[in-house]
Amino acid sequence: MALTVVSQSFIGLGRAQQKALGSPDLPMALIPHPFGTRSRVELKDIAAKCADDIARLLCEAALIGATKVAAVAPVAPRARLIEAPADLEELNKFYIKRRWGDGLIIAPPTREAVERMLRHTNREPDEVVATIAPGMGAATVEYIAIQGVMAGCYPEYLPVLIAAAEAVGASQFHLQAIQATTNPSAVWLLVNGPIAKWLEVNSGAGCLGPGTWANATLGRALRLMLLNIGGALPGDIDKATQGQPAKYTFCCAENEEGNPWQPLHVERGFSADANTVTTIGALGTWSMNMTAKGAEEVLAMIADTMQYPASSDYMYGGAPFIILSPQHAQLFHRAGWSKYDVKRRLWEQSKIRASRSKGSEFERMATGRRAELGEIGPDTMVPISEKPEDISIVVAGGAGSHSVFVPVSAHTRSVTREIVLTEGGAKAGG
Amino acid sequence: MPSTMQVYEPVAPCLTQPQKSRQSLDKLAGKTIGFIDNSKPNFNLLVEDLSQLLIEKHGVKAVIKQRKRSASQGLSEALMNELVSKTDAIITGSGD
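Protein sequences appear in the order of chains A and B. With positions in the first sequence counted from 1, the corresponding number in my numbering is that position plus 116. With positions in the second sequence counted from 1, the corresponding number in my numbering is that position plus 4.
The hints are simulated quantities; they were obtained by calculation from the structure and are not laboratory data. Please read these numbers as outputs of a predicted model, since none were measured by experiment. All residues carry an ideal CB built from backbone N, CA and C; glycine is no exception. One should not assume that every hint holds.
[To be verified] Distance condition first, Cα-Cα at most 30 Å in a straight line; then the derived DSS-like pairs of lysine-lysine:
no., chain 1, residue 1, chain 2, residue 2
1, A, K209, B, K44
2, A, K135, A, K355
3, A, K135, B, K44
[To be verified] Below, a sample of chain B positions facing chain A; criterion: calculated Cβ distance under 7 Å:
no., residue
4, V88
5, K90
6, G97
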């Protein structure tokens, strides 16, 4: 027997969650939104009404809740073909009206286009690769291909998208929190290995900006998966207060030639010639322009930029990313530092005094970090992550003195998965 | 050019199958209620007030509270099992 107390703006999300988890009729007691800013007196009034609702709902609930949720089947129904306008403009209106997209023009997912894409995997079209939170939609190979076609992906991109679905579906990625939060959580797709060159995924100048087909469409296809398979409809289920432009597309490759250390996928146990994708729950990209010539000086500026109190990383112990420009990576390398040395120095130098978090945010930090740091007082020095290894460093971009700090969404851990190619695969270009 | 074409519907199905069972409490009096505090601002205060009201006004025997480390993390399986074993109903929270 269970009941949820829900603030009114979250009713839609609450209902969708219950349905996705197999308990569509779980009772809800509603309270006003926003709730967290109410005074103590207001809270007493809210509690009085809520207590009566709880008493009524717990005793009158009829058919409620799943006692046992059926396991997700290994295969799912095939996608349905429907009649839609042949005119591209009218077709897009048809899709927009049904909220089947991201607001940009889509390419028609016809049977022929999807079949062309499916030739680039040996997996069956109805195989469930992952379930995508919060709607727990079945990301079958076919549904993944449909999103790829809509986003404009070339057919040979499919194995990358399948690996991306596996990564976002992994439990440690905690997609649920990324998809339904008020935070502006985007999913950054990072490609490693030779496939980046075969598919022409940009790792150099402007790699996070416009102008490259693979970067634009791969990142967009992942977003369409999160929308159409995960059900994260903006405003209703995706509760982001503002969101961010990176939620349209956010994809690049690592600049492995510009990296004096091991690239990310090798650091994570894959061979140098393996092809991988890594998904990262990214809250934004903080540009750091640093022309200083000394490694210590540049590192100090990065550590200083990482420190901001309104950060999930400090609140709960995060797993942030630093994108070093090749220039800065070489600077650190020439100083004799390993990648771990840089992580350790950043971890030490980016600690913040707990009192920089104010009011209830201080309380949240004290609760969130207690298990790791013990009782937290105003003068406790709080590290950005539990340990230095939790900071990830990659190299990307072209010439210039700009590196990027990428804070991450609460409790998400980036996930790397291997891209499995068919014989000939992406290298042959289809 | 034909006026229509065949395209795929892109929304994937959820394969979770709900299994319903009739569950409700006959009354609150004498029951033990569990609260999972989601650690959002003010929710601990609401839990405090609700606990008092459920006991004083509705005759609830006892309230057991568990506070999550953060809103976006679930309660651990061990703590959840313990809470389930000791309570007649569990109340959670969602929203801001």
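Hints versus structure:
Pair hint A:K209 plus B:K44 does not hold up; C-alpha atoms about 40 Å apart against a cutoff of 30 Å. Between A:K135 and A:K355, the direct Cα distance comes to roughly 18 Å. Compliance with the 30 Å bound is thereby established for this hinted pair. For the suggested pair A:K135 and B:K44, the alpha carbons sit about 23 Å apart, so the restraint of at most 30 Å is met. Evaluation of the B:V88 hint against chain A yields a violated restraint, the C-beta minimum of about 9 Å exceeding 7 Å.
With its C-beta approaching chain A no nearer than about 13 Å, B:K90 sits outside the 7 Å limit, and its interface hint is violated. Taken as an interface hint, B:G97 checks out: its beta carbon lies about 5 Å from the nearest beta carbon of chain A, inside 7 Å.
Violated hints for the displayed structure, listed by number in ascending order: 1, 4 and 5.
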